[in-house]
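Peer 1: What follows is the residue order along each chain.
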Amino acid sequence: MAKQEIIAMILAGGQGSRLGVLTDFIAKPAVPFGSRYRIIDFPLSNCMNSGIETVGVLTQYQPLELNSYIGNGHSWDLDRNNGGTYILPPYLSQEGNDWYKGTANAIYQNIPFIDGFQPSYVLILSGDHIYKMDYAAMVAHHIEKKAGATIAVIEVPWSEAPRFGIMDTDEHDRVIEFQEKPEQPKNNLASMGVYCFSWEVLREVLILDENDPGSKNDFGGDVIPGMIERGLDVFTWHFDGYWKDVGTVGSLWESNMDLLKEPSAINLRDRSWPVYSKNPQRPSHYFGPKAVVNNIAVTDGAEIFGEVENSIVGYNVIVEEGAVVRDSLLMPGACVKKGAVLTRCIVGMNTIIEEDVRATPDEPGDAFMSPLCEDDITVIAPGLVIRKGARIAGNSMVGPGHAKTHPDRVAESPNQVRREMELC
Amino acid sequence: MLTDAMGLILADNRRIQLGALNQPRALAAVPFAGRFRIIDFTLSNMVNCGIKRIGVVALTRYKSLMDHVGTGSWWDLDRMRQGLYLIPPYINPVTRAPDRTDAQGIIDYVESGDQKYVFISASDYVSNVHYRPLLDSHKASGADMSVYYARDGKKESALSLAIETDEDSRITGLMVDFPYSASELNAFGLLVIEKDLLIRILTEMMARGIADFSILGLLQLEGPRLLLLDGLLELLRRVADRLRLLGGGEVGADLVALFLSLRAELVRGLSIDSL
Chain A
1 MAKQEIIAMI LAGGQGSRLG VLTDFIAKPA VPFGSRYRII DFPLSNCMNS
51 GIETVGVLTQ YQPLELNSYI GNGHSWDLDR NNGGTYILPP YLSQEGNDWY
101 KGTANAIYQN IPFIDGFQPS YVLILSGDHI YKMDYAAMVA HHIEKKAGAT
151 IAVIEVPWSE APRFGIMDTD EHDRVIEFQE KPEQPKNNLA SMGVYCFSWE
201 VLREVLILDE NDPGSKNDFG GDVIPGMIER GLDVFTWHFD GYWKDVGTVG
251 SLWESNMDLL KEPSAINLRD RSWPVYSKNP QRPSHYFGPK AVVNNIAVTD
301 GAEIFGEVEN SIVGYNVIVE EGAVVRDSLL MPGACVKKGA VLTRCIVGMN
351 TIIEEDVRAT PDEPGDAFMS PLCEDDITVI APGLVIRKGA RIAGNSMVGP
401 GHAKTHPDRV AESPNQVRRE MELC
Chain B
1 MLTDAMGLIL ADNRRIQLGA LNQPRALAAV PFAGRFRIID FTLSNMVNCG
51 IKRIGVVALT RYKSLMDHVG TGSWWDLDRM RQGLYLIPPY INPVTRAPDR
101 TDAQGIIDYV ESGDQKYVFI SASDYVSNVH YRPLLDSHKA SGADMSVYYA
151 RDGKKESALS LAIETDEDSR ITGLMVDFPY SASELNAFGL LVIEKDLLIR
201 ILTEMMARGI ADFSILGLLQ LEGPRLLLLD GLLELLRRVA DRLRLLGGGE
251 VGADLVALFL SLRAELVRGL SIDSL
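Residue numbers (our numbering), protein chains in the order written: chain A, 1 to 424; chain B, 1 to 275.
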C-alpha cells in the first residue's frame with residue numbers, strides 16, 4: 001500500500017439503539033436522511049472534499065445494508081487505485097481478536113491496516129453526524145499546534161452543555177479538562193466526536209489503553225481523558241457550521257426538518273462542497289394532477305398524487321390520492337395509500353401504510369407508545385404493513401414485534417427483502 | 001499534498017523530430033522503456049505530488065495520446081470532480097483565431113480550476129521530480145514564475161535551452177541550442193506560475209494574434225514586428241524582472257523541453273512551446 005499522509009477511520013459499527021426499530025436491521029450510518037442521502041454520506045463526502053481519499057469504515061452491527069450501500073466507494077469518488085474505501089469488520093486472528101469492544105478497541109484492532117499506509121495523521125470520525133467540515137483545515141491546525149490530538153469542538157448554549165462531552169481549554173486552545181455530560185460545565189465547547197491524531201501518538205496511546213483492564217476502550221470516555229491526564233498535547237479546533245448528532249428519534253426528525261426550515265444552514269446546494277450519495281436509477285419524481293405539495297424535498301422515482309406538506313420524501317415513495325402527509329419523513333420505498341393521514345411520522349423503508357390509517361398526535365395513546373419517541377413523533381419500522389384503518393398515536397414506535405401482538409393493525413411486509421434498499 | 005496546484009501538460013513539441021516514432025503521434029505518446037509512454041512520467045509525478053486536476057494539451061496527432069491516457073484511471077484521474085482534462089484544439093466562436101492559435105481551451109481549463117498555481121510541463125523529458133519543493137521556493141521567493149533546470153546545458157547531445165541568470169537567480173538571458181553557451185543551466189520544461197498571471201499572458205498573446213506560441217515563433221519575431229509586441233513585452237518584462245530560477249538537481253533530461261523563452265535584451269518574452 002502506498003504511503004498516505006492522512007487517512008480517515010469512520011466508526012460505523014454502533015447499533016444506534018436510541019433510534020429503536022429504525023436500526024433493527026441496518027446500522028445507524030445507513031439510515032436514510034434528507035430524501036436522497038444516508039447519514040454516512042456526510043463524513044464520506046467530507047473526506048473526499050477535504051482531499052482525504054483513504055477511508056476505513058469500521059462496521060460491526062448489522063453491516064449488510066451499509067456494505068452494499070458503500071460498495072466500492074464509487075459514489076463518493078472513493079474508488080481509488082491507491083486508497084479509497086475499505087470496509088473493516090472485526091476478524092479472528094491467532095491473538096484471538098474479538099468483536100470491537102469499544103471505539104478505541106476498534107481502531108486498536110486495525111493498527112495493522114493503518115500501519116500499512118504509514119500515515120502521519122489519522123482522523124477518527126463518527127458515522128452518525130450531519131455536518132460539512134473541512135478536515136484538511138483541522139489537520140492544518142493540528143500540525144500548527146504540534147498537537148498529539150486535536151478535537152473538533154462546537155460552542156453549544158450553556159444550558160445544553162450538560163448533554164455533551166465538554167472540553168475545558170486554556171487561552172491557547174489546549175484542553176485542560178474533559179467533562180463527560182457535566183452537571184456543572186466549566187465551558188461550553190462540546191466535543192463533536194471528530195478527532196485528529198498524530199499516528200505515532202495514537203498508536204502508543206491505543207496500546208496503553210488496550211493493556212488497561214479498567215478501560216472501556218472508548219475514545220470519549222477513556223482515551224482522550226487519559227491523554228489529558230497524562231499531560232499530552234490535546235488541543236481543540238473550533239467548528240462553527242451546522243452540526244447535528246442524529247442519534248435519537250427527535251434529533252433525526254429535527255435535522256431532516258432543518259433542511260426544509262433552514263436549508264442555508266447545511267446548504268446542500270453548495271457546489272464547492274457537494275454531498276455525494278447513491279440512489280437507484282429511477283425516473284424523475286412525479287406529482288399527479290391532483291397532488292398538493294408544499295415545502296417538501298423529494299427525489300427520483302417518487303410519485304405523489306395526494307397532499308404532502310413539510311416533509312422529506314425518499315426515492316420510490318408513493319403517496320396515493322386522498323392521502324395526507326404532514327411534517328413527516330417518508331423513507332425510500334414507503335407507500336401511503338388512499339385516505340391515510342400521517343402527521344409527524346418517520347416511516348421506514350418500503351413500509352406500506354394502507355388505506356385510511358391515521359397516525360397523528362391526536363389519536364389516543366396506547367401500547368405502541370415508546371420512551372424513545374418524544375414531541376409527538378411516531379416511528380414506523382421498515383418493512384411493515386400498517387393495516388387498513390389502523391389508528392396510531394403520537395410518540396409511538398411500531399416495530400415488527402407488533403405484527404404478533406397486534407395483528408389487527410400491523411403485519412410484516414410479505415416480502416422481507418422489501419425492508420432493504422433496492423439499489424440498481 | 002499539492003492541493004493548491006493544477007497541472008498543464010504540453011503534449012507535443014514540433015521542434016523535436018524522432019522520425020517514425022513521433023510522426024504519427026504526439027511526443028508525449030512516444031513509447032519509452034518498454035512499457036511506458038513519455039507522458040506517464042509527468043502524469044505520475046503530478047499525481048504522486050497530490051495534483052488531482054491535470055490538463056493535457058494536444059494540438060495535433062493526438063489519437064495515440066488519447067488512446068493511451070483514456071479516462072485517466074491508471075493515474076487515479078477518473079474523478080467526478082477534477083481529474084483528467086484533454087484539451088484538443090478548437091475554434092472559439094468569439095475570437096475565431098486561426099487554426100492552432102486559439103488558446104481559449106487552455107484558458108478555460110485553467111480558469112475553471114480552484115487552484116491558485118499551475119505547473120506547466122513539457123512532454124519531452126523523463127524525470128521523477130517532486131513538485132513540493134519547487135512550489136515552496138516559488139512562494140517564498142515572490143517570483144512570478146519559477147523554472148526547473150538541470151545542469152546538463154553543455155552536454156553536446158542535448159537539445160538545450162541554456163539560461164543565464166544573475167546572482168539572485170533571476171533569468172537574464174536564454175539561448176537555444178547554442179553549443180558555446182557559458183551556462184550549463186538547462187531549462188528542461190517545467191515551471192510554476194500563478195493561475196491568474198498565466199491567464200493574463202495567454203489572453204494577451206491571443207489578443208495580439210501571436211500565431212505561434214512556440215519559442216521559435218517568438219524568437220523569430222524580428223525588426224518591426226517586434227513593435228507589435230510592445231504591450232506584451234511590458235507585461236512580460238515585469239514577469240521577467242521578478243523571475244526566479246530554482247535548482248533542479250539531478251534530473252535526467254535527455255530530450256530538452258523548450259517552452260519558456262526570455263531573450264535577454266531583444267525580447268523579454270514568454271513562450272509556451274507547442275501551443
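Simulated from the structure, these hints should not be mistaken for lab results.
Ideal placement from N, C-alpha and C gives every residue a C-beta, glycine not left out.
Mixed in with the good hints there might be a few duds.
[Claimed, not checked] Derived DSSO-like pairs (lysine-lysine); straight-line CA-CA distance at most 30 Å:
{"id": "1", "chain 1": "A", "residue 1": "132", "chain 2": "A", "residue 2": "186"}
{"id": "2", "chain 1": "A", "residue 1": "3", "chain 2": "A", "residue 2": "132"}
{"id": "3", "chain 1": "A", "residue 1": "278", "chain 2": "A", "residue 2": "337"}
{"id": "4", "chain 1": "A", "residue 1": "132", "chain 2": "B", "residue 2": "116"}
{"id": "5", "chain 1": "A", "residue 1": "337", "chain 2": "A", "residue 2": "290"}
{"id": "6", "chain 1": "A", "residue 1": "3", "chain 2": "B", "residue 2": "116"}
{"id": "7", "chain 1": "A", "residue 1": "278", "chain 2": "A", "residue 2": "261"}
{"id": "8", "chain 1": "A", "residue 1": "101", "chain 2": "A", "residue 2": "132"}
{"id": "9", "chain 1": "A", "residue 1": "404", "chain 2": "A", "residue 2": "290"}
{"id": "10", "chain 1": "A", "residue 1": "3", "chain 2": "B", "residue 2": "63"}
{"id": "11", "chain 1": "A", "residue 1": "181", "chain 2": "B", "residue 2": "195"}
{"id": "12", "chain 1": "A", "residue 1": "146", "chain 2": "B", "residue 2": "63"}
{"id": "13", "chain 1": "A", "residue 1": "261", "chain 2": "A", "residue 2": "216"}
{"id": "14", "chain 1": "A", "residue 1": "338", "chain 2": "A", "residue 2": "181"}
{"id": "15", "chain 1": "A", "residue 1": "145", "chain 2": "B", "residue 2": "63"}
{"id": "16", "chain 1": "A", "residue 1": "101", "chain 2": "A", "residue 2": "244"}
{"id": "17", "chain 1": "B", "residue 1": "195", "chain 2": "A", "residue 2": "132"}
{"id": "18", "chain 1": "A", "residue 1": "132", "chain 2": "A", "residue 2": "261"}
{"id": "19", "chain 1": "A", "residue 1": "290", "chain 2": "A", "residue 2": "338"}
{"id": "20", "chain 1": "B", "residue 1": "116", "chain 2": "A", "residue 2": "146"}
{"id": "21", "chain 1": "A", "residue 1": "278", "chain 2": "A", "residue 2": "146"}
{"id": "22", "chain 1": "B", "residue 1": "139", "chain 2": "B", "residue 2": "63"}
{"id": "23", "chain 1": "A", "residue 1": "338", "chain 2": "A", "residue 2": "404"}
{"id": "24", "chain 1": "A", "residue 1": "3", "chain 2": "A", "residue 2": "145"}
[To be verified] Restraint-style ranges between C-beta atoms, simulated for each label pair:
{"id": "25", "chain 1": "A", "residue 1": "3", "chain 2": "B", "residue 2": "116", "range": "46 to 56 Å"}
{"id": "26", "chain 1": "B", "residue 1": "73", "chain 2": "A", "residue 2": "407", "range": "45 to 55 Å"}
{"id": "27", "chain 1": "A", "residue 1": "284", "chain 2": "B", "residue 2": "128", "range": "29 to 39 Å"}
{"id": "28", "chain 1": "B", "residue 1": "3", "chain 2": "A", "residue 2": "407", "range": "57 to 67 Å"}
{"id": "29", "chain 1": "A", "residue 1": "269", "chain 2": "B", "residue 2": "1", "range": "38 to 48 Å"}
Peer 1: Does the Cβ-Cβ separation between residue 3 of chain B and residue 407 of chain A fall within 57 to 67 Å?
Peer 2: The hint (57 to 67 Å, Cβ to Cβ) holds, given that residue 3 of chain B and residue 407 of chain A are roughly 59 Å apart.
Peer 1: Given the proposed pairing of residue 132 of chain A with residue 116 of chain B, does the C-alpha separation stay at or below 30 Å?
Peer 2: With Cα atoms ~23 Å apart, residue 132 of chain A and residue 116 of chain B stay inside 30 Å; holds.
Peer 1: If you draw a straight line from the CA of residue 338 of chain A to the CA of residue 404 of chain A, is it 30 Å or shorter?
Peer 2: 25 Å, holds
Peer 1: Hint check: residue 145 of chain A vs residue 63 of chain B, CA-CA at most 30 Å. Holds or violated?
Peer 2: Given pair residue 145 of chain A, residue 63 of chain B is violated - Cα atoms ~51 Å apart, limit 30 Å.
Peer 1: Is the hinted pair residue 278 of chain A and residue 337 of chain A satisfied, with a Cα-Cα distance of at most 30 Å?
Peer 2: The hint holds at about 27 Å.
Peer 1: Verify the proposed pairing of residue 3 of chain A with residue 145 of chain A, using a straight-line Cα cut of 30 Å.
Peer 2: The hint holds at about 23 Å.
Peer 1: Between residue 139 of chain B and residue 63 of chain B, is the straight-line Cα distance small enough, at 30 Å or below?
Peer 2: Violated, at roughly 37 Å.
Peer 1: Do the Cβ positions of residue 3 of chain A and residue 116 of chain B conform to the proposed distance bound of 46 to 56 Å?
Peer 2: 25 Å, violated
Peer 1: What's the verdict on residue 3 of chain A and residue 116 of chain B, does the C-alpha distance respect the 30 Å limit or exceed it?
Peer 2: At roughly 26 Å apart (the allowed maximum being 30 Å), residue 116 of chain B and residue 3 of chain A satisfy the hint.
Peer 1: Would you check the hint for residue 132 of chain A and residue 261 of chain A, treating anything up to 30 Å between C-alpha atoms as holding?
Peer 2: 18 Å, holds
Peer 1: Regarding residue 73 of chain B and residue 407 of chain A, is the given constraint of 45 to 55 Å on their beta-carbon distance met?
Peer 2: 54 Å, holds
Peer 1: With a cut-off of 30 Å on the C-alpha distance, tell me whether residue 181 of chain A and residue 195 of chain B pass.
Peer 2: This hinted pair is violated, its Cα atoms lying about 49 Å apart.
Comparing the model with each numbered hint stated earlier shows that hints 9, 10, 11, 12, 13, 14, 15, 21, 22, 25, 27 and 29 do not hold.
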